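Participant: The residues making up each chain are set out below.
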Amino acid sequence: MNLRNVIGRRSSWSLPYAVFLLLFVALPLVLIMVYAFIDEGGRFTLGNLARFFGDADALSTFAVSIEIAIENTAICLLLGYPVAWILANKRYNRSGVTIIIFILPMWINALMRTLATADLFNMLGITLGKGTLLFGMVYDYLPFMIYPIYNVLRRMDPSYAEAAQDLGAKPSRVFANVTLPLSLPGIVSGVMMVFMPTVSTFAISEFLTNNKIKLFGTIIQENINSSMWNYGAALSFIMLIIIGISTLFGGRGEEESQVQGGLI
Amino acid sequence: MKKFFARAYLILILLLLYAPLIFIAVSSFTESRVLGNWTGFSTKLYSNLFSGSMQGAAGSLMTAVYNTLIIALVASLVATLLGTLAAIGIFYSRSRAKNAVMFLNNIPMVNPDVITGVSLFLLFVFLGVTQGYVSVILAHITFCTPYVVLNVLPKLHQMNSNTYEAALDLGATPAQALRKVMVPQLLPGMLTGFILSFTMSLDDFAVTFFTRGTVGLETLSTYIYTDARKGGLTPELRPLMTIIFIVIFVLLLIFNIRQERAAKKKALLK
Chain D
6 MNLRNVIGRR SSWSLPYAVF LLLFVALPLV LIMVYAFIDE GGRFTLGNLA RFFGDADALS
66 TFAVSIEIAI ENTAICLLLG YPVAWILANK RYNRSGVTII IFILPMWINA LMRTLATADL
126 FNMLGITLGK GTLLFGMVYD YLPFMIYPIY NVLRRMDPSY AEAAQDLGAK PSRVFANVTL
186 PLSLPGIVSG VMMVFMPTVS TFAISEFLTN NKIKLFGTII QENINSSMWN YGAALSFIML
246 IIIGISTLFG GRGEEESQVQ GGLI
Chain L
60 MKKFFARAYL ILILLLLYAP LIFIAVSSFT ESRVLGNWTG FSTKLYSNLF SGSMQGAAGS
120 LMTAVYNTLI IALVASLVAT LLGTLAAIGI FYSRSRAKNA VMFLNNIPMV NPDVITGVSL
180 FLLFVFLGVT QGYVSVILAH ITFCTPYVVL NVLPKLHQMN SNTYEAALDL GATPAQALRK
240 VMVPQLLPGM LTGFILSFTM SLDDFAVTFF TRGTVGLETL STYIYTDARK GGLTPELRPL
300 MTIIFIVIFV LLLIFNIRQE RAAKKKALLK
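Those sequence lines, one after another, are chains D and L.
For what it's worth, my numbering labels the leading residue of the first sequence as 6, then goes sequentially.
For what it's worth, my numbering labels the leading residue of the second sequence as 60, then goes sequentially.
Here chain D stands alone, though its shape is the one from the complex:
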C-alpha cells in the first residue's frame, strides 16, 4: 500500500485527528487515573481516594456543590423552559434570530460578567452569600438551558399537539402529555450542560460569595496549584466517575441535539 493510495482514500483523512484525540483526549484521561492511584514516589496506592473520604472539608464542599448544582439546574429549567417554549412558538415569535439575543451573554467573558454581578449586588447593599451565588449561577447558565430546549421544540412537528387538541384535550393536557414528553431530549441535554459545569466551577463561586462558599472545582484547582497533583487527580477522578454515570443516563439526548446543528 503506497502513500498515494492512503491519501486518496477519504476515510483515512480522519487519521491525523484520531492521533490527536488519542494524545490530547484519551492519554490525559488515562493520566488522571494513573496519578489518582499512585503516591509521590510513583508506587500504587489507594491513599489519595481514601484521603477524600476522610477529608471533612472536601466532603462538605462536595455536598454543597451537588446541592447548589441541583438547585441551579432546577431554577434554570423552571425559568428557561417557558422562554424556550415562547420563542419556539410561531404564534409569539416568527424569527429565528430572537433566540440569539437570549444566548448572546454566553459569549461575553464569564469572569467579567460574574464580577459585574457581584459589584451590582454590592452596590444594592445585598450581602454576598448563597443567595447571590445561586443568582449568579442561574444568570451564567440559563442560556445553556434555553438553547437545547428551544432547538427541540422548534423542530417538533406541530401536528402532534394539534391532533391532541382536535381530539378534545385541554391546553394543559396537550402540554403535559404531548409537548413535554417530546421535548425531553432537549431538557436532558440542557440539564447536562448546566449540572456538571456547576459542580466543577471554580473562581466564580468565590467572587460571588466573597470566598464564603467554595465549589468542588476550586478544591481541585487548589490542590493542583499547590503541587498536590496526586490528590488533585484523585478528586478529578471522582468527578470523571460522576460524569460517566450522568452521560449513561442522558448521553443520547445530548448527542441528538448537537448533531442536528451547531450553537449559532
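Hints should not be assumed to be uniformly reliable.
Stated by the list, open to error - The list that follows gives simulated cross-link-like pairs (lysine-lysine, BS3-like), each with its CA atoms no further than 30 Å apart:
| # | chain 1 | residue 1 | chain 2 | residue 2 |
| --- | --- | --- | --- | --- |
| 1 | L | Lys323 | D | Lys95 |
| 2 | D | Lys135 | L | Lys289 |
| 3 | L | Lys325 | D | Lys95 |
Said to hold, decoys possible - Some residues of chain L that are not near chain D, with every Cβ distance over 10 Å (derived):
| # | residue |
| --- | --- |
| 4 | Arg92 |
| 5 | Ser101 |
| 6 | Lys103 |
| 7 | Leu132 |
| 8 | Val133 |
| 9 | Ser152 |
| 10 | Ser178 |
| 11 | Leu182 |
| 12 | Gln190 |
| 13 | Leu197 |
| 14 | Ala225 |
| 15 | Gly230 |
| 16 | Lys239 |
| 17 | Gly275 |
| 18 | Ile283 |
| 19 | Lys325 |
The hints are simulated quantities; they were obtained by calculation from the structure and are not laboratory data.
A quick note: this is a predicted structure, and the numbers were derived from the prediction, not measured.
By construction, the Cβ of each residue, glycine as well, lies at the ideal position given by its N, Cα and C atoms.
Assemble chain L onto chain D, guided by the hints.
Facilitator: Only chain L this time, still in chain D's reference frame:
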C-alpha cells in the same frame, strides 16, 4: 392577553440576563476606579484604552488582549482544518472507526473545563513540555475541534458525493477535487465551526489557567482573574468589555440574519 404575558416574561428574563452587561457599559463612561460609583460622565477610560496610557498594571492589559487574540486565531484556524479533514474522514469511514472517533470527539464537549484543564496539565507535566503559548494553543485546539467536526458533518450529509467522484473522473487530483468541489459545499459548516471555536477560545478561562504554566503568559480571562484577586479591577476593562460586547452582538446578528435569509430563499426555491 396571552401574547402580552409572553412578551412581558421574555422582557423580564432579558433584563435579568443583560443587567450586569448594561451595568458595565454604563460605568465605562465614568472615571471612578470602583465599579458602581458614578463620578460624572467621561470618556477618559476609552481614550486611555486606545492611547495605551494606563497606569501601572493596566499597561499589560493590551498584552493580554493581544495574547488572547493570537491564541484564539491560531487555535480556531488549526481546529477548522483538522476538524474538517476529520469530518470528511469520519463520513467515509466504516461504522466501527466512525464510532470510535466520534466517541473520543464527544469527550471534550461533555467534560467540564476543569477536568479538561487538569488532564492536559498532567499530560504536559508527563511529557515534560514547557507550558506557555504552545501548550495553551494545543489545549484550545483540543476543546474547539469537536465543534468543527459536528458542524461540518451535517454539510457532508447534504452534499451530493458524486460531484467529488466526477471531479476525479475528469482528471482532478484528490487535492484539487477537495479544494474546488468539496470545500465550497462544506464552507458554511466550516465557518460556523470557526466562529464557534474563536469565541470559545476568547472566553476560556479554566483550561488556559491550568495549561499556561509559570512563564507569566496572561490572556484576558487570566488577567481579569489575577486583577480581581488583587482587589479592584482595572477600570479600562469596562470600555474594553463594552466594545467586545458590541462587536460580538453586531457580528452574530449579521451572521444569523444572513443565514435565516438564505434558509428562507432555499425554502422558496423548493
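Participant: Hints numbered earlier in the text: which of these fail when held up against the supplied structure?
Facilitator: Structure breaks hints 9, 10, 11, 13 and 18.
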